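Work the whole structure out from these sequences, hints included.
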Amino acid sequence: MALDRIFRRKKPQLVVQDDLPELWSKCTHCSVQTYKKDLLAEKKVCPSCGFHNRISVEERIAFLLDEHSFVQSSGHVTPLDPLEFKDSESYPDRIKRSQQKTGRPDAILCGEGRILERPLVLALMDFSFQGGSMGSVVGEEITRAAELALERKVPLLIVCASGGARMQESVLSLMQMAKTTVALNALGKAGLPYFSLLTDPTTGGVTASFATIADVILAEPGALIGFAGPRVIQQTIRQNLPEGFQRSEFLLEHGMVDIVVDRRKQRTLLAQLLDHLGSKHKKAPVQEYKI
Amino acid sequence: MALDRIFRRKKPQLVVQDDLPELWSKCTHCSVQTYKKDLLAEKKVCPSCGFHNRISVEERIAFLLDEHSFVQSSGHVTPLDPLEFKDSESYPDRIKRSQQKTGRPDAILCGEGRILERPLVLALMDFSFQGGSMGSVVGEEITRAAELALERKVPLLIVCASGGARMQESVLSLMQMAKTTVALNALGKAGLPYFSLLTDPTTGGVTASFATIADVILAEPGALIGFAGPRVIQQTIRQNLPEGFQRSEFLLEHGMVDIVVDRRKQRTLLAQLLDHLGSKHKKAPVQEYKI
Amino acid sequence: MSENVRSLESALHALEKTMRDTGADLVQEISNLKHKLEGLRSSEDAKLSRWARVQLARTPSRPTGLDYVERAFSDFVELSGDRCYGNDQALIGGPATLEGRPVMLLVQQKGRDTKGNIKRNFGMSHPEGYRKAMRLMDMAQKFGLPVIAIIDTPGAYPGIAAEERGQAWAIAESIAKMASLTVPTLSIVIGEGGSGGALAIGVGNRVMIMQNAWYSVISPESCAAILFHDAKEAPRAAESLRLTGQDLLELGIVEEVIPEPLGGAHLDLDTTVANFKEAVLRHLEELSQLSGEEVLEQRSRRFRNLGVFGEN
Amino acid sequence: MSENVRSLESALHALEKTMRDTGADLVQEISNLKHKLEGLRSSEDAKLSRWARVQLARTPSRPTGLDYVERAFSDFVELSGDRCYGNDQALIGGPATLEGRPVMLLVQQKGRDTKGNIKRNFGMSHPEGYRKAMRLMDMAQKFGLPVIAIIDTPGAYPGIAAEERGQAWAIAESIAKMASLTVPTLSIVIGEGGSGGALAIGVGNRVMIMQNAWYSVISPESCAAILFHDAKEAPRAAESLRLTGQDLLELGIVEEVIPEPLGGAHLDLDTTVANFKEAVLRHLEELSQLSGEEVLEQRSRRFRNLGVFGEN
Ligand SMILES: [Zn+2]
Ligand SMILES: [Zn+2]
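Protein chains in written order, with my numbering: chain R, -10 to 280; chain B, -10 to 280; chain E, 2 to 313; chain W, 2 to 313.
Hint data in this document are derived by calculation from the structure and do not stem from the laboratory.
Please read these numbers as outputs of a predicted model, since none were measured by experiment.
Built from N, CA and C at the ideal position, the CB exists for glycine as well.
One or more hints might be untrue.
[Stated by the list, open to error] With a Cα cut of at most 27 Å, we get these calculated DSS-like pairs of lysine-lysine:
#1 E/143 / B/178
#2 E/143 / W/35
#3 W/18 / W/35
#4 R/142 / R/178
[To be verified] Computed from the model, here is a short list of chain R residues facing chain W with C-beta under 7 Å:
#5 74
#6 160
#7 174
#8 219
#9 221
#10 225
Listed below in structure tokens is the structure:
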């Protein structure tokens, strides 16, 4: 799959090639070796054990969207250091490092695209950018993505991956939880569906705001999802956490997510849901769910 | 307290005197003897242990409402035997016995009244009439009470006491759960508050419909409240039920009722709630919460 | 099924085999026999006691909710959880399409075998099931999908945990929520319609019932235990309760009894589902003519008027 | 409180006693001393470090939510339960009146002593608390009551059961619910405003904070543990986090810092509550001029605009 064919404009820097220096990949979960081309064809899901490897934002777009369909809308908003946060490393320096590493201004990429011909707006969090933490920029971009979906009258999908709020923006970061929610409320009031896809890991302020107020909450198998991180909980209760605690399947059982869905089936499933819930605003019917 | 002073018109048959053949009453709960006049002054709550004795519908009105304020609205609707229900005793005969015993057509009494000068519509279930079971008449009267409250633009209070649905009306009885709910939905849509007071016992179809969709759910101390009766549960799970199971205090702890309130404090509390939630429709402010 | 029917069936199969094998022209004979068989079944069906229908409704091979979903609907996406405590497996649901039209399905689901029945708790929901149903009703309301509720439960589960988590509350709130929707609602009892646990998703603009299903305020067994102090008197209680489709139609509780193939739904799933689908489509079509306010008004009036009493 | 302040206080009390006991005219001396004391306290307050304020906010004798409720409001009726699982004691609420005007109170409540703190889980809610809050918000919306949310929590409880029952979900839904109301909402941080657990009821048309309260995305201790690998560096972290009322006012996060008596709210409860009540009444009065749609619009705009970033 040629990732560069997906992006029509504003092509983000591609990192996929760098991830693949060797021909074979050993599964961190079951230790079975897979030919890397095959692994990519499986959307980086281990064909042997089903383990979902973490993927980049660009890979996510390639795996989810129709080819050439993605048009980036985010990227104009950049982080500042309003609190002049005192830390072992300055916040602007931290930011600069992450920007150089990822090629984007902050931990988020948004745009419009299509899934099996169904138009939608997409926001994707980048865990490799400071742990996908939410500061003013992430909040603003998510908000704008919701506003764009409202303007276009199309559904919104947010792919979540975050360690939570961005400490270096303190209460400004906290406020993004309410800000993004306000925008999503407006989208919902217009009868436009909002889907979230929780990927490994999604915790903290993101889980406690936009990630979990979606009309339909999807989760990738085995993803860590929770409010408090496992370490914090362990420190609080001073005992070991049960096996599978805070994983997607655990949350499904506890009534918190709608579907735990294999990455290879996400396109079809999303197309169905877009048809079912988006019918109010849909112009022409598209059916046929090919992968 | 002279009960006959409470009723301005359509005075229901008074049963209180018959309940008091002797001067002293021994508490079934703590065995302490109380002078009956004192027990009545305590609204039949044991002054020694706080046990709430069951009381008649007439006593309930006397204990809750301002003197002379009650005007009965129910009583025109009478039960039939639409299924010609086959039973060890005919349904009409059962009904006739209960009517003679209670002096009313079915297990319900409704009307208008005042609590500390605040007007409201009141529906009271009579457990002594076939276990307060809900058939077509109870459903119709509750519905009419809700409609009367809507017409008068005053709040509604339902005092619940019921073993559930009335088997002898089978599915017609079941349908009263939906019918009463429809009327209560309309009341709520108009912004008029609905309170339920759960008394011992309230189970089955009544608990699973109007009793538990009130804006504020009050319960008397120690009342048995549940969906399935304790015997049914015991038969299902074949083990003993925990102490206090399905009692008011248990349900408070499990988040199901708003307040467990002593009978002697119900007037004040209801007056406060009527003021708080009824302000949208209130004409003139009345405050001062005397008992 | 009686001996008569069974021997006639054998004869018919024998004739058909003979014609296939030998090429003999037995068309007329086969047609006659089929006609006779149909008449026999039909007259036997009419004579079926209420208790016999209760037993039919509980036949292990009887089609379950998902059998209808898989055959009558497309692209069902099951959505899980009450967002509060758990994911009930006895009441499932999610969006699907019916002949291209998106709908929201609520399905009381029994197991198709022992393992399935344990997973599905024999079709008896905990409060989580009704809370999930409410969440899906909200979703249907938000996105304008009609709600199609498939009812098949002996009743809501009567256990300690269910009481602790507010079984009665969940049922009452579900009734209230369904009663408040401005999208059309259809409820169809396909097997057992056990009391409040069934009514929780039974507040339809139209309510229908399959020919051999039952719907009652109490199970015949429990009724018998109370009235006759013996659960074995269930057949008598079933008669008293008037719980069959025909009874309910006469009482004005359902709009329609959906016919089953002679002998029961399990004998011919295709015909059963076709009948089901035809009825659902017809009522949906009618209801789609109404505005949201009219939908609510019609449903409110429908339930407002249920009940039989005298007045003086 | 410094030695200086304390010795001046002793001197003042001695003078007052002398005047009372002997009748000597010390009015002028007392007035002078009071003035001097006030000046000293004021200058000391201005010098208070952020960490010192965090400690003030945690003073065991600091007024809790119910102290405000009991003194500023009348006829508070506590309503219980989430109608789903339990009744959280760390987040309570119900209707009350404020100068005759009915309001809906949401109150994060710490214990007033050890026993109380165990009951109140040190002000850290489980999901049930937020679900109860949502129920009360719905009630406020239905009956047109403004919502007054009193915030005082170290944070939502981070435990196994809380995660199992959807702590993050409850907080997110509570934020969304509060953001959607068309009745006015006021949030006042009276002690600790710990992260999402505070924001859950922090979506006010106006947000205020007491002078010695703090509000932050993370506690100073946790922040220090992450940044400096040592929770003891909390004072440094507190400085970095800019979490005091004055900071938040400058950042545009709160509309107003409600003054406390010099030395802290616990030294003069009457003055504290009077200041609180005056501010609440004033903002409520302003908001009562708006229509429901304007209330929603104003709140939405308020939160839409929070955040600091560059644009190119
Ligand atoms: Zn593997
Ligand atoms: Zn006693």
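Here is what the structure says about each hint:
1. E/143 / B/178: Roughly 18 Å separates the two Cα atoms, so the pair holds.
2. E/143 / W/35: Given pair residue 143 of chain E, residue 35 of chain W is violated - Cα atoms ~63 Å apart, limit 27 Å.
3. W/18 / W/35: holds, 14 Å
4. R/142 / R/178: Answer holds: residue 142 of chain R to residue 178 of chain R is near 12 Å, not above 27 Å.
5. 74: holds, 5 Å
6. 160: Interface hint status for residue 160 of chain R: holds (5 Å vs cutoff 7 Å).
7. 174: holds, 5 Å
8. 219: Check failed: Cβ of residue 219 of chain R comes no nearer than 9 Å to chain W, outside 7 Å.
9. 221: This interface hint holds because 5 Å falls under the 7 Å limit.
10. 225: Hint on residue 225 of chain R: holds, closest Cβ of chain W at ~5 Å, below 7 Å.
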